[in-house]
Amino acid sequence: MFEPKTAAWQTIKRAIPYIRKGKIHTVQEQLYISKGPQMQIGDTVTVGEKKVLCEVISIEKENNMLLPFNQTDKVSAGDWVYPNDAEVTIPASGELLGKVLSATGEVINGDPAGNTQKIALEAPPINAFARQEITDSLETGIKAIDGMLTIGIGQKIGIFAGSGVGKSTLLGMIARNAKVDVNVIALVGERGREVKDFIRKDLGEEGMKKSIIVAATSDESHLMQLRAAKLATSIAEHFRDQGKNVLLMMDSITRFADARRSVDIATKDLPIGGKTLLMESYMKKLLERSGKTETGSITGIYTVLVDGDDMNGPIPDLARGILDGHIILKRELAIMNQYPAISVLDSISRVMEEITTKEHFAASNKLREWLSTFQENELYFKLGTIEQTKDNTAIFLSQKKAIQINTMLKQPRDEHVTFAETLQQMKQICEGDGLA
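Position one of the sequence shown corresponds to residue 1 (UniProt numbering), numbered consecutively onward.
These are computed hints drawn from the structure, not numbers from a lab.
Accuracy of the hints is not assured; some may be wrong.
Unchecked claim - Using 27 angstroms as the maximum straight-line C-alpha spacing, the simulated DSS-like pairs for lysine-lysine come out as follows:
id	residue 1	residue 2
1	Lys99	Lys118
2	Lys196	Lys330
3	Lys21	Lys51
4	Lys61	Lys268
5	Lys118	Lys285
What the hints assert, rightly or not - Computed spacing ranges between beta-carbons, pair by pair:
id	residue 1	residue 2	range
6	Glu354	Glu106	40 to 46 angstroms
7	Lys268	Gly78	23 to 29 angstroms
8	Gln132	Lys50	46 to 52 angstroms
9	Glu431	Leu121	27 to 33 angstroms
10	Glu421	Ala266	50 to 56 angstroms
Where is the CB? At the ideal position from N, CA and C, for every residue including glycine.
Please work from the sequences and hints to get the whole structure.
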């Protein structure tokens, strides 16, 4: 006799959409614990009537540990927890250029976009068999890079620098001058004033025309900073899949790692030697999303902050192991007004030999030899304790050549030099030494 009721009830249940939800049962300062809904680490949820956005950072049996994106948002025990869509809403492709976005995809430098699209925040790294070989050079317009540290299309490279040595200026020069279709720039953990200064002074109106910026400033939560880095990478992937050559610049990967470490500490994953267990895997997962596919490419340039110019800290050491090369900015060069303050002897592009001509690579090596010889003997020249003889002619030649090389590598911030012009200047320095 209950069968009709059962059938009717099943019909009603099918007509009512199933709503997954959980409930907060513990509040610990900035950490909230809910029973349900069933989620995965990294998923986002909305909590309570105030619609507080949180991320699932750990799961223990039926309990989800939640961290709010906005540090000032508060929830209460008993608040309902609802899962969110895994995708982020951003302006449509045609409206993205020239926009500055928050980590949640909202336009923060003007009116909201008229048309929008959804984009996945997480994506796996490029499959090893889908990743294409790096065969072509990327012209950056920077003589020290194009001539001595040539970057390949699809390469990922780091700019290692302390504070006040011209890192932002160099990034702006590359963004304005690089021969790419689109710039995607992630400003992670920078101060609000620094974000505005970079856009106005370093990037400029011309650079902004082909750029999209995703910013999460230092006063925003660690989750927002992590999200900004991931969103910028997803936008770069979006354009890559449209057949574009994309330049992804992230300032800085250090702030991303710091933010990841802080989130890990909240889950009792305490750092050892400055690194948590998950920090390395998250960095690898993010950086390996750059690269070249059959469709398009993402060339990744990531800045690495070095405290006290220490290149061997835990994060710089970790980044060097993941990246395909490093460009080191030296304070000593900046003090001498040698800008960009790139130390070519301490820097390397691991794909340079494969993407340059034999003549170019040989000229670069010859210039490096002269710089190295002069650096080894520079103190003797300063003290005046060396005199030219037939046995040390090469040392005195290196002094002359080092002056020419450093003059050539020096470049004003508003100057763009083509690849051909850079190679011609290198050739002129090498003339008379069997290379020209």
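To see whether the hints hold, each was checked on the structure:
1. A threshold of 27 angstroms between alpha carbons decides the hint, and for Lys99 with Lys118 the separation of about 16 angstroms falls inside it, so the pair holds.
2. In summary, the hint linking Lys196 to Lys330 is supported, as the alpha carbons are separated by about 25 angstroms, within the 27 angstroms threshold.
3. A distance of roughly 13 angstroms separates the Cα atoms of Lys21 and Lys51; the hinted pair therefore holds under the 27 angstroms criterion.
4. The straight-line distance between the Cα atoms of Lys61 and Lys268 is roughly 17 angstroms, inside the 27 angstroms bound, and the hint therefore holds.
5. Restraint check for Lys118 and Lys285: the C-alpha separation of about 22 angstroms stays at or below 27 angstroms, so the hint holds.
6. Distance hint check: the CB atoms of Glu354 and Glu106 are about 42 angstroms apart, consistent with the given range 40 to 46 angstroms.
7. For Lys268 and Gly78, the hinted distance range of 23 to 29 angstroms is satisfied, since their beta carbons lie about 25 angstroms from each other.
8. Roughly 47 angstroms separates the CB atoms of Gln132 and Lys50, a value that falls within the hinted 46 to 52 angstroms.
9. At about 53 angstroms, the CB distance of Glu431 to Leu121 disagrees with the hint of 27 to 33 angstroms.
10. Range check, Glu421 to Ala266: Cβ separation about 52 angstroms, and the 50 to 56 angstroms hint holds.
In this structure, the one hint that does not hold is number 9.
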